[in-house]
Amino acid sequence: MFDYNFHWRPVMKSLPDLIEAGFLTLQVAALAMLFGIVIGLGLALIRLHLRGPLYWFATAWVELARNTPALFQLFFFGFGLGAFGLHLMPYSIVLAGLSFNCAGYLAENFRGGFQAIPDTQIRAARSLGMSAVQAYVRIVIPQVLRVVYHPMTNQMVWAVLMSSLGMLVGFRELSGETQFFASRTFRIFEYFAVTAVIYYVIVKVILGASRLLATRLFRY
Amino acid sequence: MSDTVSFFSGFAPRDLLFLGEAALRTMWISALSITMGSLLGAVFGWMLYEGKWVATLTLAPVLDVFRSVPLIIQLVLFYNFAPIVGLNLDPFASGVVILTIYTAALVANVARGGIEAVEPPMRRAARSLGMSYWQDMRHVVLPIGLRAVFPAWVGVALGVMKDSALVSVLGYVELLKASQILITRTQEPFLILTIAGAFYFALSYPISRYAAKLEQRWAQ
Amino acid sequence: MIEIRDLHKYFGALHVLKGIDLDVEKGEVLSVIGASGSGKSTLLYTINGLEPVQQGRVVVDGVDVHAKGTDLNKLRQRLGMVFQQWNSFPHLTALENVALAPKIVKGKSKAEAREIAAAQLKHVGLGDKLNVYPSALSGGQQQRLAIARALAMEPEYMLFDEATSALDPELVGEVLETMRMLAEEGMTMICVTHEMGFARDVSDRVAFFHQGVMEEIGPPSQIFGDPQSEHTQKFLANAR
Chain D
0 MFDYNFHWRP
10 VMKSLPDLIE
20 AGFLTLQVAA
30 LAMLFGIVIG
40 LGLALIRLHL
50 RGPLYWFATA
60 WVELARNTPA
70 LFQLFFFGFG
80 LGAFGLHLMP
90 YSIVLAGLSF
100 NCAGYLAENF
110 RGGFQAIPDT
120 QIRAARSLGM
130 SAVQAYVRIV
140 IPQVLRVVYH
150 PMTNQMVWAV
160 LMSSLGMLVG
170 FRELSGETQF
180 FASRTFRIFE
190 YFAVTAVIYY
200 VIVKVILGAS
210 RLLATRLFRY
Chain F
0 MSDTVSFFSG
10 FAPRDLLFLG
20 EAALRTMWIS
30 ALSITMGSLL
40 GAVFGWMLYE
50 GKWVATLTLA
60 PVLDVFRSVP
70 LIIQLVLFYN
80 FAPIVGLNLD
90 PFASGVVILT
100 IYTAALVANV
110 ARGGIEAVEP
120 PMRRAARSLG
130 MSYWQDMRHV
140 VLPIGLRAVF
150 PAWVGVALGV
160 MKDSALVSVL
170 GYVELLKASQ
180 ILITRTQEPF
190 LILTIAGAFY
200 FALSYPISRY
210 AAKLEQRWAQ
Chain A
0 MIEIRDLHKY
10 FGALHVLKGI
20 DLDVEKGEVL
30 SVIGASGSGK
40 STLLYTINGL
50 EPVQQGRVVV
60 DGVDVHAKGT
70 DLNKLRQRLG
80 MVFQQWNSFP
90 HLTALENVAL
100 APKIVKGKSK
110 AEAREIAAAQ
120 LKHVGLGDKL
130 NVYPSALSGG
140 QQQRLAIARA
150 LAMEPEYMLF
160 DEATSALDPE
170 LVGEVLETMR
180 MLAEEGMTMI
190 CVTHEMGFAR
200 DVSDRVAFFH
210 QGVMEEIGPP
220 SQIFGDPQSE
230 HTQKFLANAR
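Protein chains in written order, with numbering that gives the first Met the number 0: chain D, 0 to 219; chain F, 0 to 219; chain A, 0 to 239.
In case anyone wonders, no lab produced these hints; they're calculated from the structure. Among these hints, one or two may not hold up.
Said to hold, decoys possible - Stretch by stretch, here's where chain D covers chain A in the computed footprint (C-beta under 8 Å, at least three residues): (1) 113–125; (2) 206–212.
What the hints assert, rightly or not - For each label pair, taking beta carbons as the anchor points, the in silico distance ranges come out as: (3) F:130 with D:115: 36 to 42 Å; (4) F:15 with A:9: 56 to 62 Å; (5) D:86 with A:67: 54 to 60 Å; (6) A:14 with D:215: 49 to 55 Å; (7) A:124 with F:115: 39 to 45 Å; (8) A:109 with F:123: 24 to 30 Å; (9) D:51 with A:51: 51 to 57 Å; (10) F:115 with A:172: 35 to 41 Å.
Stated by the list, open to error - Looking from chain F toward chain D, a few residues come up when the C-beta cut is under 10 Å (computed): (11) 31; (12) 35; (13) 68; (14) 72; (15) 78.
All values derive from a computational prediction rather than experimental measurement. Every residue, glycine too, gets a C-beta built ideally from N, C-alpha and C.
The following block holds chain D by itself, in its conformation from the complex (with noise of 0.2 Å):
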């Protein structure tokens, strides 16, 4: 037990890669977040108002997503469409994983917040002339936000913890960094150690930024 001597030295030395590897992760998860609202709230639309293809289409995505292994779905973006010829950059698929997981996921928030919304407040917003476009946009839309903003804020945590992953798939965010600089310098435990501090903060701002939002955006 005391026979080991902890080295930070080397690891405050790279500390500066190692933060500009947590801004590579933060990166990377806001993308995937991007992707994830766009796409999510497709599969979610689809799913609250088509049949079909398209329907069973969008519901294969949200289960896969939801109930396969984040790293599974990495792996296939990774080594599984080499199946297919298609090989993709470490960067790109911890993107393409990441986005497919959180659409997955953030389809069901936007769907039950769809449905949190009563059709008596369309009824009402048509009753007095809008549209069907002006009653959604104006009416159902900015409620909707309200009631997954919180479920998206956590996804956003999600995003940054998954892109850890990237580290299993030779993307040098900031896992992969760490390990990187861990392997060569043989001081395992202080890097991690670190990075673990560093991710610790990443998530705090990231809270504590949409808590500030959150009292912005919604007063009522």
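Could you slot chains F and A onto chain D? The hints should help.
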């Protein structure tokens, strides 16, 4: 016949056995961690509920760390930390320890929510009938609270089952690691990933559907 | 003027309106009474085109509501509607609730829309609640907000769908008072209601609906004093 030993060889029936054993390991490490983690998490949840500010200041932040740092980082950290304090844990044991604590951190919130879901008047009624604190807990809070959060708990359990794939990073050959090994040998990524994905899906999908149905029924 | 001719409405196999003929003149206040499920609320929804019909016609100021090519969004500006569940928009303040439609439907400037909204809120007695969110308003206040929201479109007609049915008893009065005020100002109103006192005191005519049929229509004195149909008699006996 060529005598060259082929490093790559096609997918053989006995490989299914290999995958099957790995799937059993996935189920075994998941079941063990979910069971122990849920029990521990229930205790933590109760402490968070009853402990007031003491627990808020001590236990809550610790559990929060386990929810704010990627599981894969936790696994690597612990696996490399154990020898430092003189513990020689194999990948399986390390995985169980971390998965258990990780589960407990998630279940703690669920469990606290369950206790909070029992309305105070109901508990006052129980106490007014002369029930002791523990009788109230056992006969009123447990059945009602369990019902309130059972679907959420199923979500956590399935999440841990899927996340158990990450123990592969320590070298534990669960289903995804086994798939990866086979893919390297057979160069049949699509087939093998489909089998692995189908296994996770077949385990997760029916259970999550069942939980959703229960939630719907209980909500009425 | 609203003219309804041989109007039939089905929900699937359910025949909910069985050939309604009815004229409502400008300036008239018509109360529609009857048991739940008698089709009286559905009638309102067919007048502003929120529900399609299978047969017959509704003509509002010469415009056939259910004809192909009718601009319903434009038509609905003439027909204000107040619902049983007041349906205030929870994400908007009282002022924004009222100002939204004048702004985006009628294309008024923001300032103008807010001016109209403030005036209408004052009109229904909510002049001191302009910047309050609906969640901070009582049911009665929210229903008055809904009335102001409809009035802000400067409608020719107001349709009330059981405007007080979902309210706590002590909040019914303020909403009925507001409706009475509108009637006295000369607004044309069709009020589906369970408030017999209101129907008797405020309306020019009262129509009784029974199982999708308009059984009887006449001045309140006749409907309440000398009902002709057996169903009307039975309904009124129970309503008291």
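Each hint tested on the structure:
Restraint check on the region 113–125 of chain A versus chain D: 0 residues with Cβ-Cβ distances below 8 Å, three needed, restraint violated. Residue count for the region 206–212 of chain A with a Cβ under 8 Å from a Cβ of chain D: 0. That is fewer than the three needed, and the coverage hint is violated. The given range of 36 to 42 Å is respected by residue 130 of chain F and residue 115 of chain D, whose C-beta atoms sit roughly 37 Å from each other. For residue 15 of chain F and residue 9 of chain A, the Cβ-Cβ distance of about 58 Å falls inside the hinted range of 56 to 62 Å, so the restraint holds.
Take residue 86 of chain D and residue 67 of chain A: their Cβ atoms lie about 55 Å apart, and the range 54 to 60 Å holds. Evaluation of the 49 to 55 Å hint for residue 14 of chain A and residue 215 of chain D yields a pass: the beta carbon distance comes to about 52 Å. A C-beta distance of roughly 40 Å is found between residue 124 of chain A and residue 115 of chain F, which places it inside the suggested range of 39 to 45 Å. Evaluation of the 24 to 30 Å hint for residue 109 of chain A and residue 123 of chain F yields a failure: the beta carbon distance comes to about 53 Å.
For residue 51 of chain D and residue 51 of chain A, the hinted distance range of 51 to 57 Å is not satisfied, since their beta carbons lie about 24 Å from each other. A beta carbon spacing of about 39 Å between residue 115 of chain F and residue 172 of chain A agrees with the range 35 to 41 Å that was offered as a hint. Hint on residue 31 of chain F is violated. Least Cβ distance to chain D is approximately 18 Å, over the 10 Å limit. Interface hint status for residue 35 of chain F: violated, as the beta-carbon distance to the closest one in chain D is roughly 21 Å, over 10 Å.
At its closest, the beta carbon of residue 68 of chain F sits 5 Å from a beta carbon of chain D; the interface hint therefore holds under the 10 Å criterion. Annotation: interface hint on residue 72 of chain F holds; nearest CB of chain D at approximately 5 Å, less than 10 Å. At about 9 Å, the closest approach between the beta carbon of residue 78 of chain F and any beta carbon in chain D falls short of 10 Å, and the interface hint on this residue holds.
Violated hints, in rising order: 1, 2, 8, 9, 11, 12; the structure is consistent with all others.
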